[in-house]
Amino acid sequence: MKVKYEGGQVLTDVMPDLKKTKFSLLGVVFFIYCACSGGAFGVESIIPTSGPGMTLLLLVVIPLMWALPMGLYVSELTNLAPVDSGPYVWVKMAFGEFWGYAFGLWMAVAWYLTGASYIVLATDYIGMYIAMTPTVAFIVKAVIILVFTVVNLLGVQEANILNTIFTVIIVVAFMAVAIVGIINWENNPFDPFMNTEAGAMSSLGVGIAVGVWMFCGFTAIANLGGEIENPQIIPKGMKLCIVLIGLCYILPTIGGIVSVGPWYEWGTTIDYSTVLFTHVGKWAGMAFMVVAVISQLALLNATTATASRSFMVLGKDHLCPKFLSSVSKNRKVPVWPIVILAALNLVLVNLDFEILVIILSPLLFICYAGFAVAFLKLRKLYPVEKRGDLYYVKGKISPYYIVIAMLIIGIVGLLLNGTEYFLLGYVLILFALIMYIFCKKVYGGLAVENPLLYPVNEKTGLAKGDIVRFGYFFLIFGAIAFLGSFFLRWYEADWGPEYYLDLYGSGLISNWSLMITVATWVGAIMLVLCVICFLVGKKIDPIPDDDE
Numbered sequence: 012m013k014v015k016y017e018g019g020q021v022l023t024d025v026m027p028d029l030k031k032t033k034f035s036l037l038g039v040v041f042f043i044y045c046a047c048s049g050g051a052f053g054v055e056s057i058i059p060t061s062g063p064g065m066t067l068l069l070l071v072v073i074p075l076m077w078a079l080p081m082g083l084y085v086s087e088l089t090n091l092a093p094v095d096s097g098p099y100v101w102v103k104m105a106f107g108e109f110w111g112y113a114f115g116l117w118m119a120v121a122w123y124l125t126g127a128s129y130i131v132l133a134t135d136y137i138g139m140y141i142a143m144t145p146t147v148a149f150i151v152k153a154v155i156i157l158v159f160t161v162v163n164l165l166g167v168q169e170a171n172i173l174n175t176i177f178t179v180i181i182v183v184a185f186m187a188v189a190i191v192g193i194i195n196w197e198n199n200p201f202d203p204f205m206n207t208e209a210g211a212m213s214s215l216g217v218g219i220a221v222g223v224w225m226f227c228g229f230t231a232i233a234n235l236g237g238e239i240e241n242p243q244i245i246p247k248g249m250k251l252c253i254v255l256i257g258l259c260y261i262l263p264t265i266g267g268i269v270s271v272g273p274w275y276e277w278g279t280t281i282d283y284s285t286v287l288f289t290h291v292g293k294w295a296g297m298a299f300m301v302v303a304v305i306s307q308l309a310l311l312n313a314t315t316a317t318a319s320r321s322f323m324v325l326g327k328d329h330l331c332p333k334f335l336s337s338v339s340k341n342r343k344v345p346v347w348p349i350v351i352l353a354a355l356n357l358v359l360v361n362l363d364f365e366i367l368v369i370i371l372s373p374l375l376f377i378c379y380a381g382f383a384v385a386f387l388k389l390r391k392l393y394p395v396e397k398r399g400d401l402y403y404v405k406g407k408i409s410p411y412y413i414v415i416a417m418l419i420i421g422i423v424g425l426l427l428n429g430t431e432y433f434l435l436g437y438v439l440i441l442f443a444l445i446m447y448i449f450c451k452k453v454y455g456g457l458a459v460e461n462p463l464l465y466p467v468n469e470k471t472g473l474a475k476g477d478i479v480r481f482g483y484f485f486l487i488f489g490a491i492a493f494l495g496s497f498f499l500r501w502y503e504a505d506w507g508p509e510y511y512l513d514l515y516g517s518g519l520i521s522n523w524s525l526m527i528t529v530a531t532w533v534g535a536i537m538l539v540l541c542v543i544c545f546l547v548g549k550k551i552d553p554i555p556d557d558d559e
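Numbering (my numbering), first residue to last: 12 to 559.
Hints are supplied without guarantee of correctness; some may be wrong.
To be verified - Taking lysine-lysine pairs in the DSSO-like style, the calculated list, with each CA pair at most 30 Å apart, reads:
#, residue 1, residue 2
1, K550, K452
2, K388, K475
3, K470, K33
4, K15, K452
5, K31, K407
6, K388, K550
7, K405, K391
8, K33, K405
9, K33, K333
10, K340, K470
11, K405, K470
12, K327, K388
13, K15, K475
14, K33, K340
15, K388, K31
16, K250, K33
17, K333, K452
18, K250, K475
19, K31, K250
20, K388, K549
21, K327, K340
22, K333, K15
23, K30, K475
24, K550, K475
Said to hold, decoys possible - Label-pair ranges, simulated between beta-carbon atoms:
#, residue 1, residue 2, range
25, P553, G138, 56 to 64 Å
26, E469, D556, 14 to 22 Å
27, D505, D400, 51 to 59 Å
28, P553, I415, 28 to 36 Å
29, D556, L514, 46 to 54 Å
30, P555, G138, 24 to 32 Å
31, I141, Y16, 53 to 61 Å
32, S35, S409, 21 to 29 Å
33, G138, I408, 17 to 25 Å
34, N241, Y412, 40 to 48 Å
35, N241, P508, 49 to 57 Å
Because the hints were derived from the structure by calculation, they are not lab data.
For glycine and all other residues, C-beta sits at the position ideal for the given N, C-alpha and C.
Starting from the given sequences, assemble the full structure and let the hints guide the process.
Structural data, given as structure tokens:
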């Protein structure tokens, strides 16, 4: 989309009713830390599958190939367009209404559905030491939901005070593990380098699939862009937080590997608390388990703030119900989204929502890589030479490093995360297309306020050129499904059938061969739909020449 850019920030007053909050440097660091990490919980599962040496290598490489590029483009774009619902806005600015809606919806759904997992995990950690009936466990979950709903209804500043407290406790606890472990050094952290029984490809694949999840979520702060009075503080805070997260992963992991073992029992009988149990005492190990609860609460608190802002600009753009973009008069916070999130969590914490996590997983890899592509397009639409003193990533090759690194890790993560993740992710991929058509027809979209700039095709009732855009949609995701199915057929052939049958027992996702076949056909059908959309769109719904 052609734009007339004369310099400076854009979209600075999209949601003028929101309260502006001035963030300190540490405030930014602590919010990002709670949204992205909450501690090294999860790294334990990489050690036995990839090997101790490979784990440590990945904890160095993945930040450079995934976390840093993500942090850089988030920092630049939140300074160019300081607005809530940032990820939706970026893609809309770069590629228009349809693509903006798709990426915005995917991220919004992901944020809305992941909070319940933190509530369940926090309750499970408590249940390890305090026996609870199902009724008591539900009451605990309800209390957790209530507390963090109230905190977020008070405002971003109050929520981040809690993030500050949580971050300090978590970082101190993991540094204690690192120090105690290194003092009691007994094992070689690179012996063995990898899990030789699993093989090099499997060790690397599983490690990357899990490792990239440990460095996700840096886009969360962009959802609050319109409420941060001083967005220029974000780049420095982002870089400091990436370093902090990296150190909080690497140092405790080294301390754990060298002081307790065997390495292949990590994630089952051994975890970070074992270091303190073994070398300090039972009280220290118990205290660390309290930190495990705090970690989940930190993630929940940051996710609530993030999710509640994800539909705000979509509502203002007439692409979802208007009340999702309204704010309270006194506190100036989005009350309805926060309350809806609380009600949804009350339901999800009682269900086996593992399938939801499986469906969401590949979408996040697609989104993070897609945002990087949007970043590159926005560089052309809004040249950095005109941005004045706004922060942007320096260096001629830096933008290409960001995009290439994100695409490589994004594709690897998508393909190596598991066939069930890869296939079922298409439920939400197609859901976005269906919901766009529905919301565009019901609410009107961008054409409501500016029909000349965003014209509607009277034949389709959608934006002019949407049929062709749907063709590109089917081309991209059809090619990924079709080609990816052949890769997975090769990659998982030796162990896939037995693994999925043992893991799931019955149903589609227990039948590896059927999943591969379905993925192939889904890809083929989408490619056929791509051709149809291009042929039909060329005749009745071409993209306007001055648009894309």
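Now for the hints, and whether the structure bears them out:
1. Simply put, K550 and K452 have alpha-carbon atoms about 21 Å apart, close enough for the 30 Å limit, and the pair holds.
2. For the given pair, K388 sits about 21 Å from K475 by alpha-carbon distance, which is consistent with the 30 Å threshold.
3. A C-alpha spacing of about 48 Å is found between K470 and K33, which places the hinted pair above 30 Å, so the restraint is violated.
4. Simply put, K15 and K452 have alpha-carbon atoms about 29 Å apart, close enough for the 30 Å limit, and the pair holds.
5. Note on K31 and K407: the hinted pairing is violated, with a Cα-Cα distance of about 34 Å set against a maximum of 30 Å.
6. Proximity of K388 to K550 is assessed by CA-CA distance (about 27 Å); at most 30 Å being required, the pair is judged to hold.
7. Restraint check: the Cα-Cα separation between K405 and K391 comes to about 15 Å, which is no more than 30 Å; the hinted pair holds.
8. For the suggested pair K33 and K405, the alpha carbons sit about 26 Å apart, so the restraint of at most 30 Å is met.
9. Distance hint between K33 and K333 is fulfilled; the C-alpha atoms sit about 27 Å from each other, no more than 30 Å.
10. This hinted pair does not check out: K340 and K470 have alpha carbons roughly 42 Å apart, beyond 30 Å.
11. With a C-alpha separation of about 46 Å, the suggested pair K405 and K470 falls outside the 30 Å cut-off, and the hint is violated.
12. For a cut-off of 30 Å, the pair hint linking K327 to K388 stands: about 24 Å separates their Cα positions.
13. This hinted pair checks out: K15 and K475 have alpha carbons roughly 21 Å apart, not beyond 30 Å.
14. Restraint check: the Cα-Cα separation between K33 and K340 comes to about 20 Å, which is no more than 30 Å; the hinted pair holds.
15. For the hint linking K388 to K31, the alpha-carbon distance of about 29 Å falls within 30 Å, and the restraint holds.
16. A hinted pair counts as satisfied when its Cα atoms are at most 30 Å apart, and K250 with K33 qualifies at roughly 19 Å.
17. Between K333 and K452, the direct Cα distance comes to roughly 15 Å. Compliance with the 30 Å bound is thereby established for this hinted pair.
18. Between K250 and K475 the alpha-carbon distance is near 41 Å, which puts this suggested pair outside the 30 Å criterion.
19. Only pairs whose Cα atoms come within 30 Å are accepted, and K31 paired with K250 is accepted, the gap being roughly 23 Å.
20. Of the supplied pair hints, the one linking K388 and K549 holds, its CA atoms being roughly 24 Å apart against a limit of 30 Å.
21. A hinted pair counts as satisfied when its Cα atoms are at most 30 Å apart, and K327 with K340 qualifies at roughly 17 Å.
22. With a C-alpha separation of about 29 Å, the suggested pair K333 and K15 falls inside the 30 Å cut-off, and the hint holds.
23. For the given pair, K30 sits about 36 Å from K475 by alpha-carbon distance, which is inconsistent with the 30 Å threshold.
24. Among the hinted pairs, K550 with K475 is consistent with the structure: their alpha-carbon atoms are about 12 Å apart, no more than 30 Å.
25. A beta carbon spacing of about 59 Å between P553 and G138 agrees with the range 56 to 64 Å that was offered as a hint.
26. Look at E469 against D556: about 19 Å separates their beta carbons, and that is inside 14 to 22 Å.
27. Taking 51 to 59 Å as the suggested C-beta distance range, the pair D505 and D400 conforms, at roughly 56 Å.
28. For P553 and I415, the Cβ-Cβ distance of about 32 Å falls inside the hinted range of 28 to 36 Å, so the restraint holds.
29. At about 52 Å, the CB distance of D556 to L514 agrees with the hint of 46 to 54 Å.
30. Judged by the Cβ atoms, the range 24 to 32 Å given for P555 and G138 is violated: they are separated by roughly 58 Å.
31. The hinted range of 53 to 61 Å is satisfied by I141 and Y16, whose Cβ atoms lie roughly 58 Å apart.
32. For S35 and S409, the hinted distance range of 21 to 29 Å is satisfied, since their beta carbons lie about 27 Å from each other.
33. A hinted range of 17 to 25 Å is violated for the C-beta pair G138 and I408, which are about 51 Å apart.
34. In this structure, N241 and Y412 break the distance hint of 40 to 48 Å, their C-beta atoms being roughly 27 Å apart.
35. The hinted range of 49 to 57 Å is satisfied by N241 and P508, whose Cβ atoms lie roughly 55 Å apart.
Violation of the numbered hints given earlier is confined to hints 3, 5, 10, 11, 18, 23, 30, 33 and 34; the remaining hints are satisfied by the structure.
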